[in-house]
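J.: Take these sequences, add in the hints, and give me the full structure.
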Amino acid sequence: MATTAYPVPANLSPATISNTASLLRIVAFFFISGAAISSRLFAVINFESIIHEFDPWFNYRATRVLASKGFYEFWNWFDPTAWYPLGRVVGGTIYPGLMATSGVIYYFLQAINLPVDIRNICVLLAPGFSALTAWATYMFTVEMKDPSAGLLAAIFIGVAPGYISRSVAGSYDNEAIAIFLLMFTFYAWIKALKEGSAFFGTIAAVFYFYMVAAWGGYAFITNMIPLHALVLMLMGRFSNRLYVAYSSWYAIGTLASMQVPFVGFQPVRTSEHMAALGVFGLLQLVAFADLVRSHVPSKQFQSLLRTSVVVVGLAGFGAIVGLTFAGWIAPWTGRFYSLWDTGYAKKYIPIIASVSEHQPTAWPSFFMDLHILMFLFPAGVLYCFRELRDEHVFVIIYAAVGSYFAGVMVRLMLTLTPCICVAAACALSELMN
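Just so you know, we're using the UniProt record's numbering here: the sequence shown kicks off at 1 and counts up by one.
Honestly, the hints are just simulated from the structure, not real lab data. Glycine is no exception: its CB is placed at the ideal position from the N, C-alpha and C atoms. Treat the hints with care, as some may be off.
Label-pair distances were calculated between CB atoms; the ranges are [unchecked claim]:
1. Gln110 <-> Ala287: 47 to 55 Å
2. Val292 <-> Val408: 38 to 46 Å
3. Val312 <-> Ala251: 15 to 23 Å
4. Asn19 <-> Ala379: 27 to 35 Å
5. Met432 <-> Trp57: 29 to 37 Å
6. Ile50 <-> Val309: 57 to 65 Å
7. Val408 <-> Val104: 31 to 39 Å
8. Ala82 <-> Ala289: 35 to 43 Å
9. Phe42 <-> Ser247: 43 to 51 Å
T.: Next comes the structure, spelled out in structure tokens:
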């Protein structure tokens, strides 16, 4: 007869079991955070605390100005050494989120009498945020399945080479904080959608604003969330929850994003933002139609609906085309065109094609960056198809869109990695169950 080394008492209350499980998850998460941070400190431990690569060095110089002279001076800083001899007005031509994050940490440590050099904060920022990314991925995966899958996803994102390569100590670039913001924004969106919560919709908007201030890849969020909302409507899953979540996210997030000087009015004047605006308008129409349906006889409603859809659809399409030709809505930029036509940049914008990160991804890179997760990924997507709740539809869309973009541009492997980790964690957790 088999026996256990430590028999579990049979008279434990559900509260005791729940509290013990929570404690074990916290302990496990501390170990995961330690693994995520320590695996990124190799260069610092072997050599010294130093910023490497060109872009991180410029970001460090900008952060040093912010730390020494304050935010106002940083905002108006003219750098005569950049693009010499023309110089550069830095404040209005960069995403300031990375520098502001380091500056806040620096001023906080100064306030509690911990005199840490700004260089060390910049060097260690990316490893520190990798632990936060693991936590955000855990929270996101819990919404997909359960805490055990969440812990697996946190482990995977903590040690995935596709993310480590952009978050090692000394790699002080925008991606250092962007993946945490990406995953937490998606978590808040899913939470808002599941609960129909304007509060979580606002949280998603606030972190979306932070993402806009930190990285140009915010356009991925700008199009992923509207695409999710559109697919749910096409599946016949429109609900008050979707209306509240999307309206609160879009209205607050768009207004907030326009406060970043480098972005300005782009959210209402560029093609890559039009999908979000179009889905917002469509959502209002569907909600209005839902209201009319409850007050108008069924036969009259059907004819009214058909007429309204045709008229509004043609009017909206005509308005977008007209405004684009009039120059009010800017067309796609070269970098976005190169996502649809991989040879576009080589022909027309060689400076974009000259950057190795903008080249199409070689197949071996997927296996080098994702390892065994590549084999668990399809099983995780299959699990989402089997469940197919609103949140699982999001992961399926993320998997399809992220896989395509990671295939056409090397640097976008970074946006696919969290989705791979989430899907692989769901698959492995289901297998272990």
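J.: None of the hints should be skipped; say for each whether it holds.
T.: To see whether the hints hold, each was checked on the structure:
no., hint, in the structure
1, Gln110 <-> Ala287: 47 to 55 Å, "49 Å, holds"
2, Val292 <-> Val408: 38 to 46 Å, "43 Å, holds"
3, Val312 <-> Ala251: 15 to 23 Å, "20 Å, holds"
4, Asn19 <-> Ala379: 27 to 35 Å, "32 Å, holds"
5, Met432 <-> Trp57: 29 to 37 Å, "45 Å, violated"
6, Ile50 <-> Val309: 57 to 65 Å, "60 Å, holds"
7, Val408 <-> Val104: 31 to 39 Å, "36 Å, holds"
8, Ala82 <-> Ala289: 35 to 43 Å, "53 Å, violated"
9, Phe42 <-> Ser247: 43 to 51 Å, "46 Å, holds"
Hints 5 and 8 from the list above are not met by this structure, while the remaining hints are.
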